[in-house]
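Q: For reference, the chains in residue letters:
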Amino acid sequence: MTDTEILTALTELREPAVLATVVATRGSTPRKVGARMLVGERGVVCGTVGGGCGEGEVVEAALELLQGGRPRTVRVDLLDEPTSWSPAVCGGTMDVFIERANC
Amino acid sequence: MNPTPSQVAALVLEATGGGESVHTAVVVDASDSSLVGRRWWVSGDRQGGTLGSAELDRVVARGLVGLFAGRGATAALSRNFVYEEKGGEATAAVYIEAHHPAPALVIVGAGHIAVPLSRLGAMLGLRVVVLDDREEYATEGRFPDAADLRVIDFRDPFAETPLARQDRVVLVTRGHRFDYECLVRVLRMPEAPCYIGMIGSRRRVRATHEKLLADGLGTSDLRRVRAPIGLDLGGQSPTEIALAIAAEIVMLGAGGTGTPLAEKERIVERFFAD
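If you're matching them up, the sequences are chains W and H in order.
Just so you know, we're using the numbering used here here: the first sequence kicks off at 157 and counts up by one.
Just so you know, we're using the numbering used here here: the second sequence kicks off at 26 and counts up by one.
Bear in mind the hints are in silico, worked out from the structure with no lab data behind them.
Incorrect hints may have been included.
[Stated by the list, open to error] Derived Cβ-Cβ restraints for the label pairs, each shown as a range:
#1 Glu171(W) - Pro263(H): 22 to 28 Å
#2 Arg227(H) - Gly199(W): 50 to 56 Å
#3 Leu92(H) - Gly247(W): 26 to 32 Å
#4 Arg182(W) - Leu286(H): 46 to 52 Å
#5 Arg249(H) - Thr158(W): 25 to 31 Å
#6 Gly199(W) - Thr164(H): 26 to 32 Å
#7 Glu165(H) - Lys188(W): 18 to 24 Å
[Stated by the list, open to error] Dumping the calculated SDA-like pairs for lysine to any residue here, alpha-carbon to alpha-carbon at most 20 Å:
#8 Lys188(W) - Pro215(H)
#9 Lys188(W) - Met148(H)
#10 Lys188(W) - Lys111(H)
#11 Lys188(W) - Val275(H)
#12 Lys188(W) - Gly281(H)
#13 Lys188(W) - Ala123(H)
#14 Lys188(W) - Asp54(H)
#15 Lys188(W) - Ala94(H)
#16 Lys188(W) - Leu102(H)
#17 Lys188(W) - Leu92(H)
#18 Lys188(W) - Gln223(W)
#19 Lys188(W) - Asn105(H)
#20 Lys188(W) - Leu286(H)
#21 Lys111(H) - Met148(H)
#22 Lys188(W) - Gly278(H)
Treat the numbers as computed from the prediction; the structure is a model and nothing was measured.
Yeah, the Cβ is synthetic: ideal placement off N, Cα and C, and Gly gets one too.
Extracted from the complex, chain H is given alone in its bound form:
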């Protein structure tokens, strides 16, 4: 039986929830039209379904690594494949999705900025984790969208929160001393998260950087820290600041510049000059 999209979706959710990646493929066009709609999936050493030809399954499986190289997040594409069938060449257009476990947004500090940032992070498809040493702040009532809430000790803040390369860390604790404790640990991780942001005024950030250098880190480490955190949106409220942080996370993940599109495109100046 050809697995249905619903069946494959259930499998993808189960696998990614358990930390596994899954590739799913479906034939959308083929020289043998009976293959259209046939579906195959692979996750580690498990696989199921078929694209209608064992040889086509193999050709697609071999192509997966190269096709998705450098695409960290969930990605989708279509490609034409040529495969051997009954002594001749057959072709099939195959649509493939790569599903990965959702990257984590680890918010350290469960204060007023963390509340809207947790919501925005969940809306963006991130697995939100909130850490604080104050039990009364890291509550489900305040963070209904968080996948995980943990009461931590700032002497070892990530003891139970392993961080991976695709994760994002936002340091918004109640004191710069705590932000610093977290920051120095994150920077010393061999596989540090791709986004490390820390809140603070220019003066505070400068003081933090001076301390990092004194503690033996280099300027290349300082450059890895987005501080002060967020895009310059001008907002002041916790929600506005959370939006500026979320915008920076999206921008860096998607390779944007943060420039307003109207200024980038300059339609009036370019096409309607006086």
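Next up, chain W with everything else stripped away, as it sits in the complex:
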């Protein structure tokens, strides 16, 4: 998803949504700083912060924020053992900032 696509999606939201942005990474992570995702009440609207269980954590936190609360940073740990076959085998951590996108 290009910069223009996510910006366009942000301006065309028809429902309350949360914007999740990768703001810092350490070690090997699937997406780099600047990756963004929009989450609505029914889940991911568009974009990705990396997929797998790391993203699941972010989606959960975003759904919670839709119910209320202050913007915050979610730290996602991708340090599982590579042989566990979990999707989180990249070996890094990332900070994902979540905030309400349109209200």
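Given the structure of chain W, go ahead and fit chain H onto it with the hints provided.
A: For chain H alone, kept in the frame of chain W given last:
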């Protein structure tokens, strides 16, 4: 009111569409936690919102040029800033995005390679412009993803298409004579595009280079031309060739080598040697 991400997105699209760059900033952590989520943007001499402290806005504004120096494309980063607040020092982690007008991919020649290349270019976030002197080829039906289609005269192909340093030019016209006409003009531009590619066999490229030298250009100019164009993927169809061209554009823009990662990393040889 703190501008929302949606409001700032609308502003960024409007500004970059009009050829302006925008920097947006949001506080993601701070010694004063009430600042978290505060947002500020600047574009030329316009700005809006605030990071919650006029002094912090100023510190970030001063840092922008140095932080993004040498990063041409849209970029993002986080930095910790220290600023004066109520006689003491306060700190804030700020996430900043730099948004620039999309670089153009100017495809000269609306033939069979231009069609898939236009799609790939748009998918890569480039503003695709297709030029040809044949009106029946440079059509919206053939190029639904192109931001601009122009019927041109090869005697002055870029008359209405100003090219900038961050743009990419691909020469795939129906004849090498036309490719040459375009190439010699691009090479003589004071601010030539960062990518200049031209299709052609070894023999054709050699003939073109000989002509460039005869016309007074130097070997340093020849080296600026990616010809034959594209990475060596081995593909033959128009789509495969377009992919090889797009791959080369990505590689040069992102500083890659084009080497298959498996060959670069050699995991088996390095870690599983017999």
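Q: A separate judgement is required for each hint: does it hold in the structure or not?
A: How the hints compare with the structure:
1. For the pair glutamate 171(W) and proline 263(H), the beta carbons lie near 41 Å from each other, so the given range of 22 to 28 Å is not met.
2. A hinted range of 50 to 56 Å holds for the C-beta pair arginine 227(H) and glycine 199(W), which are about 53 Å apart.
3. Remark: the range hint 26 to 32 Å for leucine 92(H) to glycine 247(W) is upheld by a beta-carbon distance near 27 Å.
4. With their beta carbons about 22 Å apart, arginine 182(W) and leucine 286(H) fall outside the hinted range of 46 to 52 Å.
5. About 27 Å separates the C-beta atoms of arginine 249(H) and threonine 158(W), a value consistent with the hinted range of 25 to 31 Å.
6. Range check, glycine 199(W) to threonine 164(H): Cβ separation about 40 Å, and the 26 to 32 Å hint is violated.
7. About 35 Å separates the C-beta atoms of glutamate 165(H) and lysine 188(W), a value inconsistent with the hinted range of 18 to 24 Å.
8. At roughly 35 Å between alpha-carbon atoms, lysine 188(W) and proline 215(H) are farther apart than 20 Å, so this suggested pair is violated.
9. The straight-line distance between the Cα atoms of lysine 188(W) and methionine 148(H) is roughly 19 Å, inside the 20 Å bound, and the hint therefore holds.
10. This hinted pair does not check out: lysine 188(W) and lysine 111(H) have alpha carbons roughly 36 Å apart, beyond 20 Å.
11. About 17 Å separates the Cα atoms of lysine 188(W) and valine 275(H), which keeps this hinted pair within 20 Å; it holds.
12. Distance restraint check for lysine 188(W) and glycine 281(H): the Cα-Cα separation of roughly 16 Å lies within the 20 Å cut-off, and the hinted pair is therefore satisfied.
13. Between lysine 188(W) and alanine 123(H) the alpha-carbon distance is near 15 Å, which keeps this suggested pair within the 20 Å criterion.
14. Taken as a hint, the lysine 188(W) and aspartate 54(H) pair is honoured in the structure, with Cα atoms around 19 Å apart against an allowance of 20 Å.
15. Between lysine 188(W) and alanine 94(H) the alpha-carbon distance is near 19 Å, which keeps this suggested pair within the 20 Å criterion.
16. Simply put, lysine 188(W) and leucine 102(H) have alpha-carbon atoms about 10 Å apart, close enough for the 20 Å limit, and the pair holds.
17. Restraint check for lysine 188(W) and leucine 92(H): satisfied, since their Cα atoms lie roughly 17 Å apart, inside the 20 Å limit.
18. Distance restraint check for lysine 188(W) and glutamine 223(W): the Cα-Cα separation of roughly 28 Å exceeds the 20 Å cut-off, and the hinted pair is therefore not satisfied.
19. In summary, the hint linking lysine 188(W) to asparagine 105(H) is supported, as the alpha carbons are separated by about 18 Å, within the 20 Å threshold.
20. Only pairs whose Cα atoms come within 20 Å are accepted, and lysine 188(W) paired with leucine 286(H) is accepted, the gap being roughly 18 Å.
21. For a cut-off of 20 Å, the pair hint linking lysine 111(H) to methionine 148(H) is broken: about 49 Å separates their Cα positions.
22. Our distance criterion of 20 Å between C-alpha atoms is met by lysine 188(W) and glycine 278(H), whose separation comes to about 16 Å.
The structure is inconsistent with the numbered hints 1, 4, 6, 7, 8, 10, 18, 21, although it conforms to all the rest.
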